[in-house]
Structure formats: structure tokens, C-alpha cells
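For chain A, the structure is supplied; the task is to place chain B on it using the hints.
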Amino acid sequence: MYKIFLTFILSILLLPYSSTFAVEVDMLIPPSDFQAFDTPNDDGKSVTLRWPSSPSESTEAEYVVYASLRKNGPFTTEVLRINSKTMYEEGSDSNFHYVEIKPGKFFNKDSDVTGGRSSYFFRLVMMSNSENVTVNEIASATPKGNWFNWKKLNNFIILIAFSTLVLWFIEHAKKNPNLYLRKISGLDAIDDALGRATEMGKPVLYVHGLNGMGSISTIAAVNILGRIAIRVAEYDTTLKVSNIDPIVLSVSQEVVKESYLEAGRPDAYVEDNVFMAASEQFPYVAAVSGIMIREKTAANFFMGYFYAESLILAETGASTGAIQIAATDSYTQLPFFITTCDYTLIGEELYAASAYLSREPLLLGSLRAQDIAKGIIITALVVGAALATIGIGFISFIFKAS
Amino acid sequence: MDKKTDVSILTWILVAFCVINIFFLVTGKLGFDAKGLGIITAVALTLAMYSFLYKDNPVFKIAENLFVGVAMGYWIIITWFNILKPDVFEQLIVPFFKDTGNAPQYIVIIPTLLGIFMLLRFSDKLSWLSRWSFAFVVGLGAGITIPNFIHAFILKQLTFDSLIAGSLPDSINNFLILLGVVSVLIYFFFSLEHKGVIGGVSRIGVWFLMIAFGASFGFTVMARMSLLIGRIQFLIRDWLGIIQ
Numbered sequence: 001m002y003k004i005f006l007t008f009i010l011s012i013l014l015l016p017y018s019s020t021f022a023v024e025v026d027m028l029i030p031p032s033d034f035q036a037f038d039t040p041n042d043d044g045k046s047v048t049l050r051w052p053s054s055p056s057e058s059t060e061a062e063y064v065v066y067a068s069l070r071k072n073g074p075f076t077t078e079v080l081r082i083n084s085k086t087m088y089e090e091g092s093d094s095n096f097h098y099v100e101i102k103p104g105k106f107f108n109k110d111s112d113v114t115g116g117r118s119s120y121f122f123r124l125v126m127m128s129n130s131e132n133v134t135v136n137e138i139a140s141a142t143p144k145g146n147w148f149n150w151k152k153l154n155n156f157i158i159l160i161a162f163s164t165l166v167l168w169f170i171e172h173a174k175k176n177p178n179l180y181l182r183k184i185s186g187l188d189a190i191d192d193a194l195g196r197a198t199e200m201g202k203p204v205l206y207v208h209g210l211n212g213m214g215s216i217s218t219i220a221a222v223n224i225l226g227r228i229a230i231r232v233a234e235y236d237t238t239l240k241v242s243n244i245d246p247i248v249l250s251v252s253q254e255v256v257k258e259s260y261l262e263a264g265r266p267d268a269y270v271e272d273n274v275f276m277a278a279s280e281q282f283p284y285v286a287a288v289s290g291i292m293i294r295e296k297t298a299a300n301f302f303m304g305y306f307y308a309e310s311l312i313l314a315e316t317g318a319s320t321g322a323i324q325i326a327a328t329d330s331y332t333q334l335p336f337f338i339t340t341c342d343y344t345l346i347g348e349e350l351y352a353a354s355a356y357l358s359r360e361p362l363l364l365g366s367l368r369a370q371d372i373a374k375g376i377i378i379t380a381l382v383v384g385a386a387l388a389t390i391g392i393g394f395i396s397f398i399f400k401a402s
Numbered sequence: 001m002d003k004k005t006d007v008s009i010l011t012w013i014l015v016a017f018c019v020i021n022i023f024f025l026v027t028g029k030l031g032f033d034a035k036g037l038g039i040i041t042a043v044a045l046t047l048a049m050y051s052f053l054y055k056d057n058p059v060f061k062i063a064e065n066l067f068v069g070v071a072m073g074y075w076i077i078i079t080w081f082n083i084l085k086p087d088v089f090e091q092l093i094v095p096f097f098k099d100t101g102n103a104p105q106y107i108v109i110i111p112t113l114l115g116i117f118m119l120l121r122f123s124d125k126l127s128w129l130s131r132w133s134f135a136f137v138v139g140l141g142a143g144i145t146i147p148n149f150i151h152a153f154i155l156k157q158l159t160f161d162s163l164i165a166g167s168l169p170d171s172i173n174n175f176l177i178l179l180g181v182v183s184v185l186i187y188f189f190f191s192l193e194h195k196g197v198i199g200g201v202s203r204i205g206v207w208f209l210m211i212a213f214g215a216s217f218g219f220t221v222m223a224r225m226s227l228l229i230g231r232i233q234f235l236i237r238d239w240l241g242i243i244q
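First to last, the protein sequences are chains A and B.
Last residue of the first sequence: 402 (the working numbering), numbering continuous.
Last residue of the second sequence: 244 (the working numbering), numbering continuous.
Same shape as in the complex, but just chain B:
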């Protein structure tokens, strides 16, 4: 469709949205208070986001930028109140200048300096200092993660059950688990060409993977449907009042 048609569709939808809300406000179906205006705002933003299903448009762009800006503002406030204020300002700066009964926590200077080094990326001369912070973060992350990986993804998984269990279905189940784990591991062998026996076993591994992904896909799609139902319920119950 051409741009003119798009503009007219958008204009009519906006007019309809305004008329419906004015009607609801005048008839008292929506209160002229924080709750009523909150519902109208939420509906406007919901419809603006869904308008992307038609195509990119100015209303979606407004909602998108609002969404990004609000999230960023929220994140800055969270960073100040959850990290900077309790861990740096109140632990180091306030006790340093004022007698609060607590000694300044000088150890906080080290992470604070590392944080400041990150900001030095804006300086051409001192930006190299930011690499110290990166090295610290990456090294710390790897150091913490690797032992946990060994624990959670290797040792926790390596429990050995008898293949012959109490009943035939349990025995088959144990065998399938062993076959699945071994064949999928063989699929992730990169040093061997997937030919012959290795190729056959890795093909079984691919089947196991795809069955698992299919199940996961179906499960998640159902969860997404419930999210969609929640939004539609909001529109037709809280806004339009069609259902109670």
C-alpha cells in the first residue's frame, strides 16, 4: 500500500482511539483519575507496539523510543539506589567527610577506581586504563563460571544408574537417556569427521536434539500464547469492559 493510504489508516485509528476514550471518560466508564489515565496510556502503548505487525510507523517509533528511554532512566535510578548509593556513597564518601560512627570502607576504592576506568574510554589518552577493568571483569567471570560449569554440567550430570531398572519402561528410559547423552556428545565432536559409525551416532544425536527442541518450542509457544491472552484480556476487560 502507498504512503497516503498508510497515513489515512493511521489517522482514522487515532481518531477512533480518541473518540472511544473521550466517550469512556464522559460516561464515567473510565475515571478521570490516575487509574483511568493509566489504563488509557497502557492501551495506547500496547496498540502502538502491536501496530508494528502492520508495518513500521511513527506511532511505533514513538512507543519504541519511549520504551528505550524509560528503561534507561529506570536503570540509572536502580544503579544509583542499589549500587552506587549503598556501596560507594554511604560506605566511603559520607563517612569520609562526616562522622557517622562508621569508618570509611577504603576497600571500596578499588572497585570504584575500576568503574571510573571504564568511563575513561571517553579520553583518548587514558582510555587504555579501561582495559584493566575489562580484564578484571572477564577474568573474574571466567574464574567463577568455569568451576561452577564443571560442577553443574559435568559432575552433577555424571550419575550412573543401572540400565536394568525395576520395570521394562524404566529400563528403556535409562537406555534412551544414555543413548541420547552419548550421541549428542558425539555430535559435538569437532575433531572427527561425521562419517561411518561416528556419523551414524551423531545423526541419532541430531534426532535427540530436534525432538528436544520441538518439545521446548511447543512449550514456549504455549507460554507466549498466555502472554498474548493476558494483553487481550487487558484490552477487552480493563479498557473496553466487554468482559468482566
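So that you can see chain A by itself, here it is in the shape it has in the complex:
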């Protein structure tokens, strides 16, 4: 009888600790499967690991993956450690984990035992504070590169379709050179600005943005520079072009030289007028601001992609009383140009400017094709939104970005 009583008393005393015992008694249940395979559509450096979720997943539990170059191990190289409640496969409703890793980062090339492409072996361990359980399966995969990323097929189709449109409209523009282009007031003001500079006998300053030749806005700016340089040569005034990038400098020199040649004034071209003002952002601002103040430029053009220097440049130019025309697709800097310049070409107007100025079929056709592409996008947006509203979402898959 006293044993029963003692057991009862002990049970009551241990009751508060019962939950602790319960946690310790809870065994981690490892995932029932573990797969590794070459990541599709990649450059051949990545392997994908996939395993079903375990019922004992919690924020305290972690999944750790060890890798080896041999099937028999040793599995000592940790290649992944994640919380067990993360990295679920998209669309699996949290039933599978899906992780891409680059095992090559963890192994020295010299330890490649396969004499070529390395196969990697992986062991999955589930860990909590008190326990580690290892999944029985050892998964293996050999990363292979793919020539084509099928996930970007829609990107490729759009590129081809758009290129076809551009080529078709270029041909169309060659046959019909009077394609309509709406008025862009900032560009109409270029002639006024150049005329004013000529009348005043003061130079025209063309300021490039900060990006290099790889930037589309710089390419557009160089195109505009060519057209402006022709007019400047015809008006026989001085054009100064400030650059921050040596490659843009060289291209600008070449473009201005050719424009002077085209205008029949190669003798008027002065190479030193297309110069590198500085190589860093704020020294560039200081140098260009100094030029504006000292040379009292009559017209300033800010063309390309600008950053924090835009307001300082445009403010300085405005203080000198120069006519200022800016063109940029840097939407963070557009407000500053709008407030300080006489005319501002916003975003795509920068790209349209060279077509507008030159009316070359090549550029006109491209511009018309861009408008058609915009029309397609607008239609897709309106139709897609309407379909999504009534619960049909297939159009999202057509334009899915991956």
C-alpha cells in the first residue's frame, strides 16, 4: 500500500516537469526520402536537393547537408544548414524542400576524384538541440551545364518577336520616310539653344552622364551628341563635351569628329573640346561646375544617366543663365532636372530623341516598333487584369519571369 502512496506522491512532485520529459521523449522523424539532381537550365555549377517535409519540423530543428566526393564518405563538408521550416518547394504547399547549392565552392579542384566532371554525394541530417537523425539515403548528382535556359524561353520569344518588328518597321520607314512622330518640345528647343549660343558667341556645353558605353542611355546620349554636333558645326559655334568615362570620351571624340565632317566643317573640329573632366562623381561635378561658371556657357545639355550630381550641375547651370536641356532615364534624378532645366526629356524621350532629330529610317523604324511593343504590353496588362479579376490566371505564365 505504501508503494502505491509513494508512487502517487512522486507523480505529483514530478508533474511540473512532465512537459520537459515529453519533449525529450519526442523523437525526430527524418524525411522519408532525399534526392539530388543536376539543376536544370544552369551553367553546370549547381545541384538541386529535394526532400519531403518531416512531421517533426519546428523552428528549433535544422536540416544540415554534408557532401563528399566519394559514396562512402567521409561526410564532413557541410554544404547547407537551414531551419527546417524554410526553403519549401514552390507550389508544393510546404510538402517538399527544394534547395539549389553550388558544391564546387566547398571542394578543391585538386580533390576531384573523377578526373573530369565531379559527382557529389550528399547526406541529409535533421538536427535539434537534443538529437540528430540521419536520412538513410545518400543522394548523388553530377552538375552539368545546359546550352539553353528553357525558363527564359518567353524572354527569347519576346526578343525575337520584337527584333522582327524592328526590322519590319525599318524596312517600312525606308519606303515611307515621313513616318509621324509626335512633337517633343525639348528637342525643338535644341535649335533655339544653339542659335542663342551662336548669337551670344558663347560655347555650348554637352555633359555626359556617369554611365559607361554599356548603358543604353549613354548610347542614346552619344546619338544625340552626333546630331547636336552637326548643328553646332553648321552654326560655327563652339561645342564642349565633358566626359567621366574614358571609353565614352573616345566614342564622343569620334562622333563629334564625324559630325563636323558630315557638316562639311572638319577644320572646325577641336579634339581638346571633347575632354575628360574627371574620373569620379563629385570631382566631375566640381570640374563641370567650374567650366559653366568660367566659360559662361550659353546652352547646357545634360544627356545620359545621372546620379546625385544632377541637381548640383543643373543648379550651377541655371545660376549662369544658360538655356538648359536635360534628358535622362534616371527616374530618381528627373525631378531635379524638371525643376532646374528649361526642358527635360523624360525617360524614353531620350531614346526617341535621336530618331526625332535625325529621322533616319533605322531609328524611326525602331521607335515605331517600340510603340507597337508598348501597345502589346498595354493590351496584355488590361486583358490580364480583367482575366485575373474573373479568376483566369493563365496569362501570368506566358509572361512569367524566371
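Hints are computed from structural coordinates only; laboratory data are not their basis.
Beta carbons are placed, not taken as given, at the ideal position from N, Cα and C, and that holds for glycine.
Misleading hints may appear alongside valid ones.
Said to hold, decoys possible - Quick look at which bits of chain B chain A covers, simulated, 3 or more residues with Cβ under 8 Å:
no.: 1; stretch: 58-68
no.: 2; stretch: 72-85
no.: 3; stretch: 133-141
What the hints assert, rightly or not - Here are the simulated lysine-lysine pairs, DSBU-like style, with alpha carbons at most 30 Å apart:
no.: 4; chain 1: A; residue 1: Lys45; chain 2: A; residue 2: Lys151
no.: 5; chain 1: A; residue 1: Lys85; chain 2: B; residue 2: Lys3
no.: 6; chain 1: A; residue 1: Lys374; chain 2: B; residue 2: Lys156
no.: 7; chain 1: A; residue 1: Lys202; chain 2: B; residue 2: Lys3
no.: 8; chain 1: A; residue 1: Lys85; chain 2: A; residue 2: Lys105
no.: 9; chain 1: A; residue 1: Lys296; chain 2: B; residue 2: Lys156
no.: 10; chain 1: A; residue 1: Lys152; chain 2: B; residue 2: Lys3
Using the frame of chain A, we list chain B on its own:
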């Protein structure tokens, strides 16, 4: 104001600056060491740059040229240590003349040649070769940029949400986003005259653009104010020691 007044203002400011710094150095408020002299130099350059707010002057010109020269020197060093030395000198030239255990990376010759072609602009006879480099840079830039543009600026933006969301404000928000995107796109139509319906919709687009620019303007101005505060803090705390 006339030039004489400007010169006297400049002279008095320089005298005051020297007196203040000598006082700080003598009293030990600024150490006669690298830190103290560094603060004085930074203050001098800061004030020189701000002097442009009054008007262009010789002190600003000195600071401006110093700024440009230092930046250029820094850029040359960065180019050597980050590009030429690790990518050309150590990969191609050193292994070619010396056994380093690594084979010379002959593939580096191609970009090196393209780089040298750029420098040939100084030669009248060979400057045409620089166009090869330009063509490569422009072509490569466009080739890399265009697919990324399609990905980031078209496909990433083309996600379709239901116009009728969970709540009325969300529904209005979705509708405004659609209206904003469509009207701004129509504003950037160059093939159609902005009259009639197109003109009306593009006018809405202009409103959306201007509201966005206004918000961006206010946000950036506040960021610039914090930069100004930082400089003023440097002057009155690190230099004058008025605040701690």
C-alpha cells in the same frame, strides 16, 4: 561687388581660418599630429567647396583642381591594383617570364589587345583600330543589357492581380496601379498625336509622373539635408568643438 571687396573678404576669411587653427593647435584643442592636421585639411577643403556658394574664387579653384587630381590619381592606382596587376600582369606577363607554377593565361591577350587599341587613338595611322574596341564594348553592353531589360522591366513588371481585392482600399490601389502604368505608357507613345482619348489618357499619365517625381524630389531633398547636417556637424563638433 567689385573685385577689391572680394579680395578683402577672401583675405580676412583666410586670416580668420589661420588664427582659429593656430589657437586650437597652441591650446591643444587640436593635436599637432596626423589627426589634427587631417581635420584642418578637411575643414579647409569643405569651406573651400562651400565658398562657391558666394561666387567662383581662387580658393574654390584650388580645391576643385585638387579634387579632380586626387580622384584621377586614385583611379589610376585602383585600375592598376584591381585590374591590370591581377588580371594581366600576374596572369600573363609574370608566368610568361618566370616559372610561377601557373601557365600563362593567353586568353588575356585578347582583352589586353583591345585595351591597347584604345590607346592607339594617339596615333593618326592606327587610330582606326580603336573602333574595334568601341564596337566590342558597345555590342557587349547592348547584348548584356537588352535581355536583362526585357527580364527586369517587362516580364518582372507583368504580373496580373485581380482588380477586386480583399478590401476596398486594396481594390482602389490595384486599379490606380493599372491606370498609372497604362496612362504613363500611353504618354510615351511617339507614333500617335496626343489628342482626343489618347491625349486625355496621356494627360493622366503626366499627372502620375509628376506626383511620382514630387515624392522622389521630397525624399531626395531630405537625404541631401542629412548630408549637409553631417558636414555642419563635422565643422562645429570635430573642428570647433562647440557640440560634443
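Okay, the hints, checked on the actual structure:
Residues of the stretch 58-68 of chain B with a Cβ under 8 Å from some Cβ of chain A number 6, which satisfies the need for three, so the listed coverage holds. Check on the stretch 72-85 of chain B: 3 of its residues sit with their Cβ under 8 Å from a Cβ of chain A, so the three-residue criterion for coverage holds. Counting residues of the stretch 133-141 of chain B whose beta carbon lies closer than 8 Å to any beta carbon of chain A gives 6, which meets the minimum of three for the stated coverage. Of the pairs offered as hints, the one joining Lys45(A) and Lys151(A) holds, with about 17 Å between alpha carbons and a cut-off of 30 Å not exceeded.
Restraint check: the Cα-Cα separation between Lys85(A) and Lys3(B) comes to about 74 Å, which exceeds 30 Å; the hinted pair is violated. With a CA separation close to 15 Å, the supplied pair Lys374(A) and Lys156(B) stays within the 30 Å bound. Of the supplied pair hints, the one linking Lys202(A) and Lys3(B) holds, its CA atoms being roughly 23 Å apart against a limit of 30 Å. Restraint check for Lys85(A) and Lys105(A): the C-alpha separation of about 25 Å stays at or below 30 Å, so the hint holds.
Under the criterion of a C-alpha separation no larger than 30 Å, the hint pairing Lys296(A) with Lys156(B) is inconsistent with the structure, at around 45 Å. A hinted pair counts as satisfied when its Cα atoms are at most 30 Å apart, and Lys152(A) with Lys3(B) does not qualify at roughly 66 Å.
Consistency with the previously given hints fails for numbers 5, 9, 10, ordered from lowest to highest.
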